[in-house]
Amino acid sequence: MATTAATVSDKNLWKGGVEPLKASYGKLMMWFFLLSDALTFSGLLVTYGFSRFSHPTFQGKIEDFYFSVKHWPIPERVFTHIPFFHVNAPLVFVGIMTFVLILSSVTMVLAVEAGHRMDKEAVQKWMLWTIVGGLTFLGCQAWEWTIFITGGKPLMVDGLQIIGANLQGNEYGPVLFADLFFFITGFHGTHVLSGVILNILVFYNTTLGTYEKTGHYEMVEKVGLYWHFVDLVWVFVFTFFYLV
Amino acid sequence: MGHAHNDHDLSKPVQVLPPDKAKIRRILMTTLFLGLATAIEFVIAFTMEPGTPKTMIFVLLTFYKTFYIVGEFMHLRYEVKTLIWSVVLPVSFICWFITAMLAEGHSVEVLRTWASTWF
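In the order they appear, the protein sequences are chains A and B.
For the first sequence, position 1 matches number 1 in the numbering used here, and the numbering has no gaps at all.
For the second sequence, position 101 matches number 101 in the numbering used here, and the numbering has no gaps at all.
No wet-lab data here; the hints were simulated from the structure.
Among the hints, a few may not be true.
What the hints assert, rightly or not - Dumping the calculated BS3-like pairs for lysine-lysine here, alpha-carbon to alpha-carbon at most 27 angstroms:
{"id": "1", "chain 1": "B", "residue 1": "Lys54", "chain 2": "A", "residue 2": "Lys222"}
{"id": "2", "chain 1": "A", "residue 1": "Lys213", "chain 2": "B", "residue 2": "Lys12"}
{"id": "3", "chain 1": "A", "residue 1": "Lys27", "chain 2": "B", "residue 2": "Lys23"}
{"id": "4", "chain 1": "B", "residue 1": "Lys21", "chain 2": "A", "residue 2": "Lys125"}
{"id": "5", "chain 1": "A", "residue 1": "Lys222", "chain 2": "B", "residue 2": "Lys81"}
{"id": "6", "chain 1": "A", "residue 1": "Lys22", "chain 2": "B", "residue 2": "Lys23"}
{"id": "7", "chain 1": "A", "residue 1": "Lys61", "chain 2": "B", "residue 2": "Lys54"}
{"id": "8", "chain 1": "B", "residue 1": "Lys54", "chain 2": "A", "residue 2": "Lys213"}
{"id": "9", "chain 1": "A", "residue 1": "Lys120", "chain 2": "B", "residue 2": "Lys21"}
{"id": "10", "chain 1": "B", "residue 1": "Lys21", "chain 2": "A", "residue 2": "Lys222"}
{"id": "11", "chain 1": "B", "residue 1": "Lys23", "chain 2": "A", "residue 2": "Lys120"}
{"id": "12", "chain 1": "A", "residue 1": "Lys153", "chain 2": "A", "residue 2": "Lys27"}
What the hints assert, rightly or not - Here are some of the chain B residues that sit facing chain A, going by a computed Cβ distance under 7 angstroms:
{"id": "13", "residue": "Val14"}
{"id": "14", "residue": "Leu34"}
{"id": "15", "residue": "Ile40"}
{"id": "16", "residue": "Phe42"}
{"id": "17", "residue": "Thr62"}
{"id": "18", "residue": "Ile69"}
{"id": "19", "residue": "Ile94"}
{"id": "20", "residue": "Leu102"}
{"id": "21", "residue": "His106"}
{"id": "22", "residue": "Val108"}
{"id": "23", "residue": "Val110"}
Glycine included, every Cβ here is placed at the ideal spot set by N, Cα and C.
For reference, chain A alone in the conformation it holds in the complex (with noise of 0.2 angstroms):
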């Protein structure tokens, strides 16, 4: 009697069933849309690979390394500045913003706890400071950005100086080893993007109870799984664009 009807809700009820694969139909598509997303990342840094194993590699001991186009550059190398201090830190910056990005997921699986528990002071909370490691994570990147096109050790090719670096030439090595920097780093800045803006509108609607109205804080697992993705991407750039 009206007891079925209480448990079965209309959110929970696909047109035909019950929850196929016990998940929501947003949370469903979310996971199909990130595995989409997946394969498209791997096709990016594959080609980084593929690029890679088709360039010579450099043959001798890493401090000997010189900057040339005949051979792939070694990415300690390439990336060596921390903001306001003038010392060789060759992937600190890197690993510091690997932590940052870390830290937001984790504090968005906090708000999506605190989501369970209706608890909605708690989600704001967690939200702001989710939203906060990936504004730092943004400016960290524009910051390394800047660093990498800038350059300062001019490298001479064919009797022509380049300095910095841009998609027809840069100071580190092959043309193609800046386009894939542009190309790998810049794609996933876009998703950290589009994920803050995201997180900005959840933690806005759940400020306007939005969430509370409808009785669910889904829409924060929803956001939450697409953050923890965008996180994952970035475990995976780090290990096979600076790391290896």
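Chain A is already provided as a structure; the job is to place chain B on it using the hints.
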């Protein structure tokens, strides 16, 4: 995840449940594991000679982090089996994609080097 009330009764005040201590503990432990894995990667980047063992350690640590992010943070571990497989299986095809393209890239390099000795 089940949602307890869907009747949208606004006259009643929203019932806020206390924090789930066990769940928060698990989240913080996951954070610790992720942080440690990244720290280890960082140390290895500067202490080991470049080569296959170093790359393998990086790949393994990356997968380790992936399992935690997707399993715990994205909650996939707790979904039904069919959902887990419908995400994991398509992703596993990427493994072949990587193998094929890296081999192809290496072949291009070999051919380029060979050609440059002739022309």
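Results for each hint:
| no. | hint | verdict |
| --- | --- | --- |
| 1 | B/Lys54 - A/Lys222 | 36 angstroms, violated |
| 2 | A/Lys213 - B/Lys12 | 11 angstroms, holds |
| 3 | A/Lys27 - B/Lys23 | 21 angstroms, holds |
| 4 | B/Lys21 - A/Lys125 | 18 angstroms, holds |
| 5 | A/Lys222 - B/Lys81 | 20 angstroms, holds |
| 6 | A/Lys22 - B/Lys23 | 21 angstroms, holds |
| 7 | A/Lys61 - B/Lys54 | 16 angstroms, holds |
| 8 | B/Lys54 - A/Lys213 | 53 angstroms, violated |
| 9 | A/Lys120 - B/Lys21 | 18 angstroms, holds |
| 10 | B/Lys21 - A/Lys222 | 23 angstroms, holds |
| 11 | B/Lys23 - A/Lys120 | 18 angstroms, holds |
| 12 | A/Lys153 - A/Lys27 | 49 angstroms, violated |
| 13 | Val14 | 5 angstroms, holds |
| 14 | Leu34 | 5 angstroms, holds |
| 15 | Ile40 | 11 angstroms, violated |
| 16 | Phe42 | 5 angstroms, holds |
| 17 | Thr62 | 4 angstroms, holds |
| 18 | Ile69 | 5 angstroms, holds |
| 19 | Ile94 | 5 angstroms, holds |
| 20 | Leu102 | 5 angstroms, holds |
| 21 | His106 | 5 angstroms, holds |
| 22 | Val108 | 4 angstroms, holds |
| 23 | Val110 | 9 angstroms, violated |
Hint compliance for this structure: hints 1, 8, 12, 15, 23 are not met, and every other hint is.
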